[in-house]
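*Asks:* Listed below are the residues making up each chain.
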Amino acid sequence: MIIVEQKPFDEILAMLEGHKTHEILIVGCNGCAGIYQAGGEKQVEVMGMLLEMAHKLKGNNMKTRNATVLRQCDRQIVATALKPVIEGDEVILSMGCGAGVQTIAETIEDRFVLPAHNTMFIGMQERELGELHEKCKACGDCILDETGGICPITMCAKSLLNGPCGGYAEGKCEVEDYTHDCAWCQIYEKLKRLDRLDLFTKPRLPRDWRVSLSPRNL
Amino acid sequence: MSEANKMDQILVLGGGVAGIAAALDLAEQGHNVYLVEKLPSIGGKMAQLDKTFPTLDCSICILAPKMVEVARHPNIKLLTYSELKEVEKNGASGFRVKIVAHPRYVDEEKCTGCGLCAQYCPIKTPNEFNTDLDDRSAIYTLFPQAVPLVYTIDPEYCLNFKYGICQTCKDICPPQAIDFDQQPREISIDVASIIVATGYDLLNPKDLTEYGYGLYPNVLTSLEYERLLCATGPTKGELLTPSARKHPKRIAFILCVGSRNVDVKPYCSKICCMYSAKAAIITKEHHPDVETFVFYHDTRPIGKGHEEFIQRAQDEFGVTYIKGLPVLEEDPQTQEIVIDYIDMLTGKKQKLRADIVVLSPAVIPNKDSDSLKDILGIDSDKYGFFKSIDSVHLIDSTVPRIYLCGSCHGPEDISTSVAEASGAAARAAARTSIMHAEKIEKPVSEIPVNPFDTPRIGAFICHCGINIGGVVNVPEVVEYAKTLPNVVYATDNLYTCSSDTQELIKEKIEEHDLNRVIVAACTPRTHEPLFRETCRDAGLNPYLFEMASIREHDSWVHMHEPEKATKKAKDLMRMAVNRAGFLTPLGTITADVTPAALVIGAGVSGMTAAAAIAQKGFDVYLIEREKAVGGLLRKLDWVNFEKAMAEDILASLEKFVTEHEKIHLMTDSNLKNVEGSIGNFDITVVQAGNEKQQFKVGSIIIATGAEENTPEEFFGNPIYPNVHTQLELTHLIQEGKINENDSIVMLQCVGTREKEGRTYCSIICCAKAIMNALMIKEKYPSAKVYIIYRDIRIHGEEEEYYWKAQEKGINFIRYDPERPPKVNTNPDGTLAVEFFDMLNQLEFDITANKVILSTPLIPRDGNKELSEMLKIPLDITNGFFFEAHPKLRPVDFATDGIYLAGTAHGPKSIAESISQALGAASRALIPLMKGEIESEGIVAVVDADLCIGCANCDFVCAYGAVGASIGENKFISEVNPLLCKGCGVCAVTCPANAINMQHYTNEQVFAMIQAALAEVADSPEPTILSFLCNWCSYAGADMAGVSRYQYPPNVRAIRVMCSGRVDPLYILMAFSLGADGVLVGGCHLGDCHYIQGNIFAEKRINDVKTWLEAIGLEPERLRLEWVSASEGKKFSQVITEFVNDLKELGATPLKSSPIFSSREAKT
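Order-wise, the sequence lines are chains A and B.
Everything in the first sequence is counted per this note's numbering, starting at 1 for the first residue and increasing by one.
Everything in the second sequence is counted per this note's numbering, starting at 10001 for the first residue and increasing by one.
Hints in this document: simulated from the structure, not taken from any laboratory.
Predicted, not measured: the structure shown is a model, and the values here were computed from it.
Warning: the hint list may mix true and false statements.
Ranges of calculated distance between the beta carbons of each label pair, as one might list FRET restraints [unchecked claim]:
1. A:ARG127 / B:ASN10826: 42 to 50 Å
2. A:GLY171 / B:ASN10826: 39 to 47 Å
3. B:ARG10353 / A:ARG127: 49 to 57 Å
4. A:ARG127 / B:VAL10262: 34 to 42 Å
5. A:GLU128 / B:LEU10215: 54 to 62 Å
6. B:GLU10510 / A:LYS7: 54 to 62 Å
7. B:GLU10069 / A:GLY88: 56 to 64 Å
8. B:GLU10069 / A:ARG127: 52 to 60 Å
9. B:HIS10731 / A:LYS190: 22 to 30 Å
10. A:GLY88 / B:ASP11141: 40 to 48 Å
11. B:THR10877 / A:GLU5: 26 to 34 Å
Note that CB positions come from ideal geometry on N, CA and C, so glycine has one too.
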């Protein structure tokens, strides 16, 4: 999933202030952001109420309307779901990820589309602890088959292909003062458990970083 | 009561928590039950307690719903203020009993419980419910939540009875319920069996002169202190010394007052250690600066989580524990109590001064038990407690068909009493011919009401004598109601709850074609069921009824502000009318139950439970993963001091389960898969060497047991060849492998009571060690046995065997857990044991031939898989299964249809496992005997079109009732209405707004918010909107009313089932419509009726506060308060304080220019 985090409310208000409008269409996303309760219909409604109250408290009027789409990152869905809804001189506030903001902006060209969220990473949801963890850098050259399902590009501070380096102690990484696990130590443990240490000792040649060059298209 | 076979009726004696639990189980199974209580109300001792250990639940809050259930149950005939007079054998099949109902001098049918009589009664007499610490009138109810809520005249104090000079109550009683000519009534009934649950009394410590009880006003008994702490007690929960009515600085608790004392009561009273720890903790919660001391002999936890609780008292709350039993003296100047004691851990003589001393008197048999024994013809033991048939079947009395539960056969805590009560129900049920419950009849036709029809509302507004009418201008409210939209009929009644008004309501429903009914009167918590029933009788769906509380929430708490109270009544009326427009008829669904049960584990608990279910004629699948049945029993010899033999118990159970035609025993088998829910579980079992088997059952009992831990080391010492566990020792003794002159050292608490890791006390090891020691001494009198212990923890009448062991020369020496024993090998192969003797403050060393480790019972491996497969919780700290509620649902899981018995729940003795297994069987029998299960009307519903399949609902539901069945590739959530309890937590969690709670829908709540704030702009005073949970805070507000705690009339309450139902949107809407403040009230953390709804509430409220701050509205305008059902005073204080705070903050700017959001457009 693409993980987002809501911007500080002040920042959202400041963002809106720059636009000479009193009408906002808040757009939620039932894709990733909806699933971990950052950009679903409920969050959109809360955002709308808060914005209206915030403006009212400053003596201004602000009208918000809501629309939540199945996935903001799908151009056709956005076109069919949003184009007929947009009214007046509404500014759009997206509660999806960066891809969502851009998809809307590209589809509805005559509007400003503002991000309510910062897009953080591709990650995993851990409901039990209420945490979200980064898992993938989208590097374009996956080697998880060789590393026991643990990505050294994402999880190793240096994105090493042949680890660990000399900077670990008791399984922790020197970067961030030994608070994070060393990815390569974990890879070693995992492969040992699976009895495939041959994969660990296998030397890996420097990879071709050109596949990671942005922007990428398929 | 239904007309079932009269011979199959069951009598339950005693309306305390045990009697209530037994009666409810039996009634649910379809039995007709007579519940007889001597006092004017049921509730027993538990109703008098402030809190319960180890959860610190408010006692009356968790008991009152059960009491109300008893009163409402169609199969229970409640006879309060009544006593058993005669029992006659009625052939072989039961008894003919005579019961005398004492005259209350108040007609039970007529009394509405309004309480006017008590207000006007001129007499004040000591209030026995508050342990005589305050007064009551001569016409009284025991306590505000009394069931039945009917007044009783005490002829001993009533002026009319004494001198014939006063009839004030008779003159004032509006329904004319007073009847001075009432006579005792004799009732004769045939019953199949009798359950005795007559409870206990406490020793009066007056005769124990060393404590000065009765002489020194500041020396109290534990029950007196309990009332002193309680919000409904004599000081309204304010902690004050009895002598000077000032706040105490030091409070001491003294244990074993009369107990464990050869000259008084030789046995251990079991419960005092725990309730004293509880009282000390609550004291600290009231006033953190009060110093608390507990004087003890040995600390003795008796159940799961208890050891940790006593530790918490010390570590977290700073309660000082002192080993030593003191003598008390009063300082005549200050009336402080001087405590003289020898600290047994240092040997020093010490003095301590305390403002209050609380004694824990011995638990003694109920004062009526002697006469009751003769009436029933049962035996009692030498201490006067009723005697069980043998030492392992505690529920069976010495007379067939008479069963015992709770403290009538020896001191018990609440959870054991409740488990035993269910067990007694199972035993009693086994003797009846009732095989299924009769279905409760429902009216055939219902007036069809379409949610989109225009509402036609009828409003009935109650004067409640002068209770409401004396403050609120009721006719004015009626006129106002008539002006509200959709109200086609409005009237006032003197008593809306009287039976003639019920007829009037039915008449008006027909006459005016009403499709919604509103009653504005007392509280829905007591009277909603009555009015719903009236609607149902008139053919109107009961969920089309709405109630406004204008008594508890209005007239009683704003007595001196009649105008404002009238205004509030109008507001409450408007809210009710607005909501009523959105009420929809709700149906329930029923499902047939597969008449079979699955029992997992064929140890003593599993086999006992299986036998009890099979006896009622249901198929039982009993699966055991070992090749033979018996579990831990196979490894035991004596199972208790009375020398009951494990092999005998095993043999009879094994014979029963292998021979009974209804029991399908599968050994060497494992549970492979479980699908479905209560009533219909699909089970797959794999038996070694066989095809997998599939079958269906209606309920499941988990009885997987526990095992003795075999450690890899102890206290850092290696396991030498001559080091064994207690169970291994039992075998060595049996096999004769002990030598005549052996020196045997037993080490207690090996790998238990740890600071981290196994923090629990294994409860049974002390008894096990002493049993083995006695066994050795019996066979080898010259052998030396040392028991090196931390606390000797044996319970009840086992105490005498502790003395016997000492008499036999078994040495008991207390070690210091900070300096655990060291063990080394000597050259001759013996072991050298070194440790520090705490009592003598000496280093000690013993040469031992054998060192025996008392290791704990630990959970079986495989519990985790079971817990995941059945979605039942494991306690992560100790690995045992987690029951639904430690006090009142000790053998249930939160998920319906799954029950728990034996050591899978936590360490316990064989006798207790048997009682608990019978209890689990009784609970499991309920759905089987009902034959069908019915869902609640108030359940969550998922709008499949909106659901995004995120499964957040699945994650927050404590009952496994909602979720996307991802395993079955369903990506839309569904609610299982048979499991849903209606808390609404999932509805708030749903990011897609796809879940709604029926009867507490968003539309209904929004309509109420809107109505509540419709006139807010006109009010110069702060306006508070509150969302109160049904179980605690709404009940707390009711209690404020009942107790007449006055508070400002600025608050309008919206009732929700759980604080976890309060959507942030509700709060934001309230503020945007101009509310000056919003209060969310829930149960105290840990008390949530829905397990953890309030935890979600807390998190959400914190979020909303941050948001409010971000948009520039003071976060102080939003308050979250935990108010329990007994904290009426707290509720009134919270409101008073909040109103003052809001006055200081000033009106919110949104008051003059509210925001009408899109939500409103929809409504």
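*Asks:* So, for every hint listed, does it hold in this structure?
*Replies:* We went through each hint and held it up to the structure:
| no. | hint | verdict |
| --- | --- | --- |
| 1 | A:ARG127 / B:ASN10826: 42 to 50 Å | violated, 57 Å |
| 2 | A:GLY171 / B:ASN10826: 39 to 47 Å | holds, 43 Å |
| 3 | B:ARG10353 / A:ARG127: 49 to 57 Å | holds, 54 Å |
| 4 | A:ARG127 / B:VAL10262: 34 to 42 Å | violated, 58 Å |
| 5 | A:GLU128 / B:LEU10215: 54 to 62 Å | holds, 58 Å |
| 6 | B:GLU10510 / A:LYS7: 54 to 62 Å | holds, 60 Å |
| 7 | B:GLU10069 / A:GLY88: 56 to 64 Å | holds, 58 Å |
| 8 | B:GLU10069 / A:ARG127: 52 to 60 Å | violated, 35 Å |
| 9 | B:HIS10731 / A:LYS190: 22 to 30 Å | violated, 43 Å |
| 10 | A:GLY88 / B:ASP11141: 40 to 48 Å | holds, 41 Å |
| 11 | B:THR10877 / A:GLU5: 26 to 34 Å | holds, 33 Å |
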